[in-house]
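Enquirer: The lines below spell out each chain.
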Amino acid sequence: MKFEVLKTSVGEWLKGTGPESDIVMSSRVRLARNLAQYPFVGRASETERSEIEDFLHSHLTKTSVGSRLEYTNLGGLEDLDRQFLVERQLISREHADATGARGVAIDPAEQISLMINEEDHLRIQCIHSGLDLEAVWEQIRGVDEEIEAVVPYAFHQRWGYLTACPTNVGTGIRVSVMLHLPALVITRQIDKVFRSLHKISLAVRGLYGEGSQAFGDFYQISNQITLGRTEDELIAQVADVVPVLIDYERRARDFLLQETEQNVHDQVSRAFGILRTAQTISAEETMQLLSRVRMGVLLGLVDDLHVSDVNKLLVRTQPAHLQKMRGVDLDTKDRNIERARFLRAYFESGSPDDN
Amino acid sequence: MFHITELEAGEVRELHLCEDHARVYLNQAEADSQQEDSDTEGGPLGVGQTAKELSEIDQLVCDMCGITFFEFRNQGRLGCPHDYVQFENELEPLIANIHGEVEHRGRRPNRQKSVGGEVLPESTEELTRVIGMRKDIRNAVEGEDYERAGKLRDNIQKILHKWHAEDLKG
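So the sequence lines, in the order shown, correspond to chains A and B.
Just so you know, this note's numbering puts 315 at position 311 of the first sequence, and the rest follows in order with no gaps.
Just so you know, this note's numbering puts 72 at position 92 of the second sequence, and the rest follows in order with no gaps.
One or more hints might be untrue.
To be verified - DSSO-like cross-link-like pairs, simulated, lysine-lysine; straight-line CA separation at most 27 Å:
#1 B:K138 to A:K66
#2 A:K203 to B:K142
#3 B:K138 to B:K93
#4 B:K142 to B:K93
#5 A:K66 to B:K131
#6 B:K138 to B:K115
#7 B:K115 to B:K131
#8 B:K142 to B:K131
#9 B:K93 to B:K32
These are calculated hints, taken from the structure and not from any lab test.
Please work from the sequences and hints to get the whole structure.
Expert: Structural data, given as C-alpha cells:
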C-alpha cells in the first residue's frame, strides 16, 4: 500500500463534493458476505483464517474489480498504519485491532474497500462524497455480483445471505449517510431528531462508527433491519429521511443567522482563532472547533477558507495522520503540540500540502 | 461499546459487546428473565418453554462447527452457516425480534452451473457440510484410520470442485 501517497491526499468521503455536501458528508453502503465452506471468522482456527484470506485474495484477483484494487495484509502492518486506514474509513476499528490473518483491498480512489476476515469473511464497502446513495448502491452491487460469480457466498433459502451476527442476516446490507448537523446541536433539537429516528428503527452513531461518541456534530444514520425487506426498500428507508434532516438543519442554520447572528459569528470566530493560535490541542477539541468553522464557512461568516479545506483538516489532524506526516511515533502530549503546530502552519501558509 | 456485568449464581461475569451484539445479547437476557417470571408465557426465545427446556436449548450443538447455543448466546455471534439450519427453530424468535420479519426478500444468488453441468441450488448447505467433513478427517487421522481420512478428502474435493470453490493452490 502506498501510504506515502495517501497521507497528503484525502479519501473520497472528505472531498466535500456531491449533492447536498454542505450537510451530507458521505454516503456509504456495506455488504456482509461469508464463504459457505468455512466457519465464521470468530470460530475459525488460525489455519482456516489463513485459508479464507488466501481463497478470497486469489479469487478476487480473478475479477475485474479485484484486479484494480491494492491488497494489503493487515497483520503485516504497523499499528500506526492500521490506525491510519481506520481514520480514512477504509477499515473498521475492530478490523484494525483484531489479530490473525486479515486483509483489505482498496481502490485508488478510495471508494471501494474489501475487508477480509473482519467479523464476516468479506465486507464490501463503497463510499461516495455527498448524498449519492443510488450511485453507491449501483457500484457496490456490481462489485458484489462480480465476486459472487467466482465465490459461492453462504446463502439460505429462507434467511438469505448468512452472517456471523443475526443482526446482519438476509441482505447483509448497512446503508449509512454521514451528516454534519451543528445547528441542530446548537439549537438543542438533535435529541428530539434522534428519538424520532429510533422510532423508525434507524440507528445513529458518531463519526467513527460503532459505539463511538459523536465528536464535532458529525452523525451517521443507518438502517438496523437487514431481513425481510429488499435492498431498495432498505436504502429508501435511509434516503427518505435525509431530505427531512437536511431541511431541519437548514432551517436551524437560518434561524441562527436571523436571530443570533452576532452570537454565531462570535462562536465561529473564536473557534477559528483557537485553531490558528493554539500551542497544544486535542483531537476532540480540534473536531469540535473545525465543526464550528465548517458551519461558519457555509454561512458566509469566514473568508478565505473552503469547506474542502475544513474536511481535509478533519482527517489530517487525526492521530495516525499527524504521526505519518511527521514520520515518527508521538505520545498524546506530543501529538497535541504537533497538531497545534500543523494547524498554525496550515492557516499561515494557506498551503494544504506542506511537508 | 457496552459493558455488561452479569451476576449468575454468585459469580460475576463481564461482557464487552458492541452495540449490535449487545442488542442480541440483551434481547435474550430479557427473554430469559421473562421466562423466570412465568413458566408458561415466553419471551422471544421461549414460547411456552420452561427454564429447564431453555437450559436444554443451551446444550444444542452444531454438527458442523461444534458451537453450542450457549456459546452463541454469550458471544452474540454464530459459529458457521450451518447454525442457521441447525438452530433454525431457536433462532427464529430472536431474528423475528430483531428484524420484525423471518423471510429474506432481497437479492438472491444468480448461480452458474456446477462443473458437471447441473444447476446448483440457491442454498449452499451442501458446501457447508465440508466444515463437518474436515472435522471428521481430523478425528479419523487421530484414530489412525487413514483410509477413511483419504475418502473424506476425496469427497470434500468433489464438493468444492462442483461448487467452483477449490483453493487455487490445489
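Enquirer: Hint by hint, where does the structure go against what was stated? Just the numbers, ascending.
Expert: Violated hints: 2, 5, 9; rest satisfied.
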